[in-house]
Amino acid sequence: MNLQGAIKALRAETARPAEVGERELLARIERRDIHAFERLYRMYQPRLARFLTHMLQRPQLVEEVLNDTMMVVWQGAGNFRGDSKLSTWIFAIAYRKALKARRCWPDPLEDEALNSRPSPAPGADQQVQHHKLRDALVGAMARLSAEHRAVVDLTYFHELGYREIAEIVGCPVDTVKTRMFHARRRLRQALPGDLADWV
Amino acid sequence: MANPGIDEQPHDEAEALLPWYATGQLDGHDRAIVEDHLQSCLQCKQQLFLERRMVDEFGTLVPQVENGWTKLRESVVVPAQSRRAPLLQSFADMWRAATRPPVMGFVAAQAVFVLIAGSVFLNVERPQTAQYHALSSGAAPAKANMIVMFQGNTTEAQMRGALNSSGASLVGGPTAADAYLLHVQANERPQAIATLQSDRQVTLAQPIDGPSG
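Going down the list, the sequences are from chains A and B. Our numbering numbers the first residue of the first sequence as 20 and each following residue consecutively. Our numbering numbers the first residue of the second sequence as -14 and each following residue consecutively.
These are computed hints drawn from the structure, not numbers from a lab. Positions of the beta carbon are idealized from the N, C-alpha and C atoms, including for glycine. One or more hints might be untrue.
[As the list claims (entries may be wrong)] Straight-line alpha carbon distances no greater than 30 Å define the calculated DSSO-like cross-link-like pairs of lysine-lysine that follow:
#1 A/Lys151 - B/Lys30
#2 A/Lys119 - A/Lys196
#3 A/Lys196 - A/Lys151
#4 A/Lys104 - B/Lys56
#5 A/Lys119 - B/Lys56
#6 A/Lys104 - A/Lys196
#7 B/Lys30 - A/Lys196
#8 A/Lys104 - A/Lys119
[Said to hold, decoys possible] In silico negatives: residues of chain B with every beta carbon more than 10 Å from chain A:
#9 Thr139
#10 Glu141
#11 Ala171
Extracted from the complex, chain A is given alone in its bound form (with noise of 0.2 Å):
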């Protein structure tokens, strides 16, 4: 074996139980194993999609684009150093070539922004302030740029850390930040009433 081998070994042996169980399953990948493939494709998908729907806005192509992103991850299995966890790897891919996606078709559709589905909610005063308070929302989410949506939705939804999401988004972590701060701004601002309304 040698050195960068030996680093990625050390590096799986120390990883978390989850990660080691998706690395085992890169690794059969790297080995055309089609079934480890699919396994790592269902577990990813729901996230993915997710996030690939907030970054483009547009739901047609985010089975195209999410679909890129696992086949970028079929072809090069071999090409994942370790340096990372997995999810920040393919998150990394997922976030880059929908930003490509979107150089192609840059304009969004905002009633077509999010496909969503409400939770129920207990009482029809909160169902309606929580229908409210989504529409606003899914409003805000539609008018900040793909950069700041994923920000938005990195740290909301996935709850990573800013320095995963630095990683990811591939800038520096007071970017992450501003990024975010900004966005929380927008956001702020489209909810209709006071911010003590909503607390």
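Mind docking chain B on chain A? Use the hints.
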């Protein structure tokens, strides 16, 4: 963001970190900055409630996206098939021929006979007389060094996928016991066997001429 009574620098620093404080993604140092500041800043306390509300609300935005696995699988598997087209086409032809009702009946009768005779596995020398010759190839066929058996409900596509994953080539079969004879490079055989054994449709995968063959 001028606000009487608020020290701007720690306030800005803490406020910028609030989303990640709300999701529990800060390390000890950052968390201490936020918690110290929250003790004295009502504005950030309110903002923290809003951040938590945002996390909850974003969790309910569920996009409806088609699962594209079937398409992706086609684009991954088809190129692999085209590289091995002659062999796999022959394999498909063999499968179709072997699963015709008269042939299946014959195979079943043979299998019963084999079981009664106490012979679970086929004779390893059998490939010498049952070797498969590709129609388009005049080269001598490779000697079988692995045997594989599949579950009865395995489709031809699943068998093809299993063989593709293992990297093995089909040499012969189906035998009377519904086994298939495969060939793979000697140094790749342990991995090929491991790959086949991990396949749910595979009931048996083992070497047939010693560990190094």
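Item checked: 10 Å cut-off, C-beta based - B/Glu141 kept clear of every residue in chain A -> 15 Å, holds
Next item on the list: Starting from B/Lys30, check that the Cα of A/Lys196 is at most 30 Å away, please.
Entry: Status holds; Cα separation ~19 Å.
Notebook entry, point to check: Within a Cα-Cα threshold of 30 Å, do A/Lys119 and B/Lys56 meet the stated pairing?
Noted result: Given that 30 Å is the threshold and the Cα spacing comes to 21 Å, the pair holds.
Notebook entry, point to check: Is A/Lys104 within 30 Å of A/Lys119, Cα to Cα?
Noted result: 23 Å, holds
Check: Within 30 Å, alpha carbon to alpha carbon, are A/Lys196 and A/Lys151?
Finding: Within the cut-off at roughly 27 Å; holds.
Check: Quick one, are A/Lys104 and B/Lys56 close enough, alpha carbons at most 30 Å?
Finding: Holds. A/Lys104 to B/Lys56 sits at ~27 Å (cutoff 30 Å).
Check: Taking 30 Å as the top limit, are the C-alpha atoms of A/Lys119 and A/Lys196 close enough?
Finding: 23 Å, holds
Margin query: For A/Lys151 and B/Lys30, compute the direct alpha-carbon distance and say whether it is at most 30 Å.
Written below: With Cα atoms ~23 Å apart, A/Lys151 and B/Lys30 stay inside 30 Å; holds.
Checklist line | Cβ separation check - B/Thr139 to all of chain A, threshold 10 Å | finding: 13 Å, holds
Margin query: Beyond 10 Å on every Cβ pair: is that true for B/Ala171 relative to chain A?
Written below: 17 Å, holds
Margin query: Against the 30 Å threshold, does the CA-CA distance of A/Lys104 and A/Lys196 hold or violate the hint?
Written below: Between A/Lys104 and A/Lys196 the Cα gap is close to 21 Å, so the pair holds against 30 Å.
Of the hints listed earlier, there is not a single one the structure fails to meet.
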